[in-house]
Structures are given as C-alpha cells and as structure tokens.
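Visitor: Take a look at the letters that make up each chain.
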Amino acid sequence: MYVAVKGGEKAIDTAHQLLAEQRRGDTAVAELTLDQIKNQMTLAVDRVMTEGSLYDRDLAALAIKQARGDLMEAIFLLRAYRTTLPRLATTEPLETDALRIIRRISATFKDLPGGQVLGPTFDYTHRLLDFALAADGEAPVPVPADAAPLEPCPRVTALLNAEGLIEPDLAADDAEPGDITREPPLYPADRAVRLQTLARADEGWLLALGYSTQRGYAKSHPFAGEIRIGSVDVEIIPEELGFPVCIGSIEVAECEMINQFKGSKTTPPQFTRGYGLTFGHGERKAMSMALVDRALRARELGEDITAPAQDEEFVLSHGDTVESSGFTQHLKLPHYVDFQSELVAVRALRAEYDARRRARSGEQGEL
Amino acid sequence: MSAAPSPLTAGQQARQRWIGILAEIPLPELEAAAAALPQQPGYTFLRAPEIGSALIRARSGGTGSRFNLGEMTLTRCAVRLDSGLTGFSWVAGRDRRHAELAAVFDALMQDPALSDSLDRTLITPAEQRRDAARHSMAAKAAATRVDFFTLVRGENE
Numbered sequence: 527m528y529v530a531v532k533g534g535e536k537a538i539d540t541a542h543q544l545l546a547e548q549r550r551g552d553t554a555v556a557e558l559t560l561d562q563i564k565n566q567m568t569l570a571v572d573r574v575m576t577e578g579s580l581y582d583r584d585l586a587a588l589a590i591k592q593a594r595g596d597l598m599e600a601i602f603l604l605r606a607y608r609t610t611l612p613r614l615a616t617t618e619p620l621e622t623d624a625l626r627i628i629r630r631i632s633a634t635f636k637d638l639p640g641g642q643v644l645g646p647t648f649d650y651t652h653r654l655l656d657f658a659l660a661a662d663g664e665a666p667v668p669v670p671a672d673a674a675p676l677e678p679c680p681r682v683t684a685l686l687n688a689e690g691l692i693e694p695d696l697a698a699d700d701a702e703p704g705d706i707t708r709e710p711p712l713y714p715a716d717r718a719v720r721l722q723t724l725a726r727a728d729e730g731w732l733l734a735l736g737y738s739t740q741r742g743y744a745k746s747h748p749f750a751g752e753i754r755i756g757s758v759d760v761e762i763i764p765e766e767l768g769f770p771v772c773i774g775s776i777e778v779a780e781c782e783m784i785n786q787f788k789g790s791k792t793t794p795p796q797f798t799r800g801y802g803l804t805f806g807h808g809e810r811k812a813m814s815m816a817l818v819d820r821a822l823r824a825r826e827l828g829e830d831i832t833a834p835a836q837d838e839e840f841v842l843s844h845g846d847t848v849e850s851s852g853f854t855q856h857l858k859l860p861h862y863v864d865f866q867s868e869l870v871a872v873r874a875l876r877a878e879y880d881a882r883r884r885a886r887s888g889e890q891g892e893l
Numbered sequence: 327m328s329a330a331p332s333p334l335t336a337g338q339q340a341r342q343r344w345i346g347i348l349a350e351i352p353l354p355e356l357e358a359a360a361a362a363l364p365q366q367p368g369y370t371f372l373r374a375p376e377i378g379s380a381l382i383r384a385r386s387g388g389t390g391s392r393f394n395l396g397e398m399t400l401t402r403c404a405v406r407l408d409s410g411l412t413g414f415s416w417v418a419g420r421d422r423r424h425a426e427l428a429a430v431f432d433a434l435m436q437d438p439a440l441s442d443s444l445d446r447t448l449i450t451p452a453e454q455r456r457d458a459a460r461h462s463m464a465a466k467a468a469a470t471r472v473d474f475f476t477l478v479r480g481e482n483e
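For the record, the sequence lines run as chains A and B.
Under our numbering, read the first sequence as residues 527 to 893, first letter to last.
Under our numbering, read the second sequence as residues 327 to 483, first letter to last.
This is chain A alone, in the form it adopts within the complex (with noise of 0.2 Å):
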C-alpha cells in the first residue's frame, strides 16, 4: 500500500520540463507534424485508437507525439481523454460485409470469389532494412489501377455454412450487449463482453495467449479463414429522424479463423469459429483475438479448460494495458510506511532466526 506524501512541487513541475525538452529533442531537428504521425505512422495511430478504444486518428497523432513515441502511454491518455466525453450516439452494427476492401486473403480457399488481394502488406517483403528510406526517399512509383474492379467478396464462412460444416454465427438474440466502461466486469463473462475486452486488450498480450494455443496450450488448429481490411460506413439512427444517417467511415481490420471441433454429445463435428476486429490495419492484433475469442469459447463448446488461453477471468482481467501498466507502475509510488513495517518485521524474523540457529548450533556443540 502506498501513502500520500506533500511537497516536491518544484522538483515535479521541473521534472516535466525536463521531459518537455527530452521530447522535442535537438530543436537544430524539425520538429515532428501531427500530420506527418497521422499519415507516416499509420499503424501506430491504428494501435493508440484500438487499445484506446478511441477511433479519432488526430488525436491518436497528438497522443503519440505528446508520449514522445510510447504507445502504451499514447493509449492512455487516449483513453483518459475518452472519458470526458459524453456519449450521444450508439452505432448501427458496422456492415463489415460491404467492407470497401483494401486487402482481404484467405488461408483456406486458394480459390475463392472476389479473389486473394494482397493490399498494403508487409507480407512476402524480405525484412531487409530498405536503406532507400533512410536518405532522402524519392516519391515512391505509383500503384497502377487494375482496370478490372474488385469483384463483391463474399465471407469464407458463408461459403462453409453452405455445406453445413461450420457453426453458423447468426444474430440469436437483440438482447443489448453487456458494456465494460459502464458495468464492471463479472465472471463469466458472455461472448459480448469478452469480445468488447478484448477488442481493447493489448495487442503483445493476445499474440502471446494466441501463440500459445498454436503450441498446444489448448487444442485449438485455426485456420486464418479470412483477412479483410478496409473502410466501412457508420450508421445511427438519431431519433430526431428515426432512420439510419452516415456519420462517416472507418477503417478496419477484420479476421475470421476457422477450428477444428470434434464435436460433442449434442454438436455433430464440424468447423467453429474465432473472431477478431480491430480499428485501421490491425491485422496481427485482429488475427490473435480471433485466437484467443476461440479459445475462451472452451466452456460454451464444452471443452476441457486446460490451458492459460482458456482461463477467462486469466485473460480478461489482465490483458488491459491502462491497468496492468498503472498498477505495475505503481510501485514506483512511496510505499515507505508499508516498507518500515515489512522491515521491522523482517528485523524481527532474521532476530529469530540467528537466535534459534545459535541454539542450535550449541546444541550440536555438546555433542
């Protein structure tokens, strides 16, 4: 436990100019645009507004340069900011069917329609450092447009849903989904919740419980069905109208993996699922919450739980970077009075301890 201490004003107001001059760095250095973050940094602006669970890609910009770079306390103040906002709307469900597609590939069907579009990927580049970009880059070559247009890209699970052999995934019931930022969590969880914490969780934390179902820590076997990503429209109805207006459109990131299921005494085997969205070009984070929602679906599927990916409460109640950080990073805070106890403690057990081994020790002098 910590405790409240007074003083130090100075040395703090100081210590954050110290830190406003770190961040800004040589000033012979032009200093970095929230424009130049928001269109160079994309995938960094995509991660602050998915963990900040904030899609506005200015202030995500702002987040990161105020941050001086580190994303998790980008995320943060993303986060906080959020918080002052009132909320005026609820969304229509995001179409992601009429995903306007920019990348969107399959690892099942090698043949599927609408085709495999490869899109800004860094898939298939060597991972050499391009030297290129560290002098003065030129323009890089225009993309040629194929003058054939992307044909409609039906989902990979409707094609299997066709033959019967994966879950279908309707929409069962309008009951609202459960919201984390105004109800606290209990356990268990329902597959609304767990999607929303997940959504937010931190991106290394999901791929590492993703990974570990890979390596057998719950037999999962995915398959990345289905990769999309692109822009969508958002809808609400506003009941001054009362129908559906466009807001504007995001972009994201979506995947769909396909897992082997035996089957069960009241399920014949077939395919299930895993899902995964995320805001902008989220695609690693997206791929490995579709891992882990799998996962955590073992109760509902009646699946022995064996393993960390498939503890819920495990991975719900810490994948959250604003609290595992801040409560981490609490320990930076004084705990000296907690410290002065456990100290006196330890002082009296090590007194203890020396006493009795002396006794002891004379003992086996007399021997």
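Honestly, the hints are just simulated from the structure, not real lab data.
Watch out, some of these pointers could steer you wrong.
[What the hints assert, rightly or not] Pair by pair, the computed Cβ-Cβ distance ranges are:
| no. | chain 1 | residue 1 | chain 2 | residue 2 | range |
| --- | --- | --- | --- | --- | --- |
| 1 | A | D716 | B | T335 | 34 to 42 Å |
| 2 | A | H861 | B | A469 | 54 to 62 Å |
| 3 | B | A358 | A | H747 | 42 to 50 Å |
| 4 | B | T335 | A | T792 | 42 to 50 Å |
| 5 | B | E376 | A | P639 | 43 to 51 Å |
| 6 | A | R741 | B | R422 | 46 to 54 Å |
[Unchecked claim] Keeping only pairs whose Cα atoms sit at most 30 Å apart, straight-line, the calculated BS3-like set for lysine-lysine is:
| no. | chain 1 | residue 1 | chain 2 | residue 2 |
| --- | --- | --- | --- | --- |
| 7 | A | K591 | A | K564 |
| 8 | A | K636 | A | K745 |
| 9 | A | K858 | A | K536 |
| 10 | A | K636 | A | K788 |
| 11 | A | K564 | B | K466 |
| 12 | A | K636 | B | K466 |
No residue lacks a Cβ here, since even glycine has one placed at the ideal position from N, Cα and C.
Model the placement of chain B on the given structure of chain A, informed by the hints.
Guide: Then chain B, alone, in the frame of chain A:
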C-alpha cells in the same frame, strides 16, 4: 432502436443521402459553398455544436450477436433557419464548424427553392469526388490480386 425497418419514403432517402455526404465533405468545400450562397441564411442554434462520442457496435463473425467494439468521436448540431426550417448534423470527428455548416445545409436542402441548385453545385460533386477516390483505391487494391498455384509436394503420396 432496432424496430422492424419500414421502407423509407423518397424524401427520407434523399435526406439520408445528403446528410451522409455532408458528414464526409471536407470543410473547405462546405465553407466555399456557404460563401457562394446567393443570400446568407440567418439561423439560430437549437443545439450548439457539441463534441462527444458514439459507441461503435459490431457483430461477432460479422453476422452474429452484437458487441461493443469501441468508440469514435462525433460532433452534432441542430439549427433553425429564419425561414423556420430545421437542420441536423452528426459528423465523425471533433470539428464544430463542420457540424454547424452541415446542419445549415441540411436545412437549406429542405428548401425547394434551393435544393436543386445545392444538389448540383455541392452534394452531387462531393459525392462524385468521394466515389472517385473510393474507385481509385479499389483499383489499386485490385492490382494486388494474386493467383496462388499449389505445387505438388513429394513423390511418395
């Protein structure tokens, strides 16, 4: 709010279209259109531009039950023109001026004396530019379509 969707009237569809376009128009275009109005409209705020958030819903698997993905910033505004027409706006982001002008144009578009010319000079050109940008992006994406060939592996089996 998910009552059985009844088909929209032609008037509602038209308004739905222009409200959506006004939300995505770059602010300089709106300012230019406002400056080019033959007569500057007088108006009062029914609701001054207000910045807040919208809770973004999605569905598991894209088709399943709803869940809350996160939030986005949203600015809304409502105006009443001196003529009595009211206009509303809901615009992604935090631009109060954008929300104000979008609400004004929503009201003006309901004025039969103005709607045709505004549609011609503001709404339709903005829609065309938006669609052209989307087509251009889609054409670039289409150029990255790939055909993978499956190779036969191994001699035995």
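Visitor: Decide, hint by hint, whether the structure agrees.
Guide: Going through the hints against the structure:
1. D716(A) / T335(B): 34 to 42 Å: 38 Å, holds
2. H861(A) / A469(B): 54 to 62 Å: 59 Å, holds
3. A358(B) / H747(A): 42 to 50 Å: 58 Å, violated
4. T335(B) / T792(A): 42 to 50 Å: 47 Å, holds
5. E376(B) / P639(A): 43 to 51 Å: 44 Å, holds
6. R741(A) / R422(B): 46 to 54 Å: Distance hint for R741(A), R422(B) holds at roughly 51 Å.
7. K591(A) / K564(A): 10 Å, holds
8. K636(A) / K745(A): Holds, at roughly 25 Å.
9. K858(A) / K536(A): Satisfied, since the Cα-Cα distance of roughly 19 Å is no more than 30 Å.
10. K636(A) / K788(A): 24 Å, holds
11. K564(A) / K466(B): Distance ~21 Å between K564(A) and K466(B) Cα, so the pair holds.
12. K636(A) / K466(B): Judged against 30 Å, a Cα distance of about 21 Å means the pair holds.
Hint violations for this structure: number 3 only, all remaining hints satisfied.
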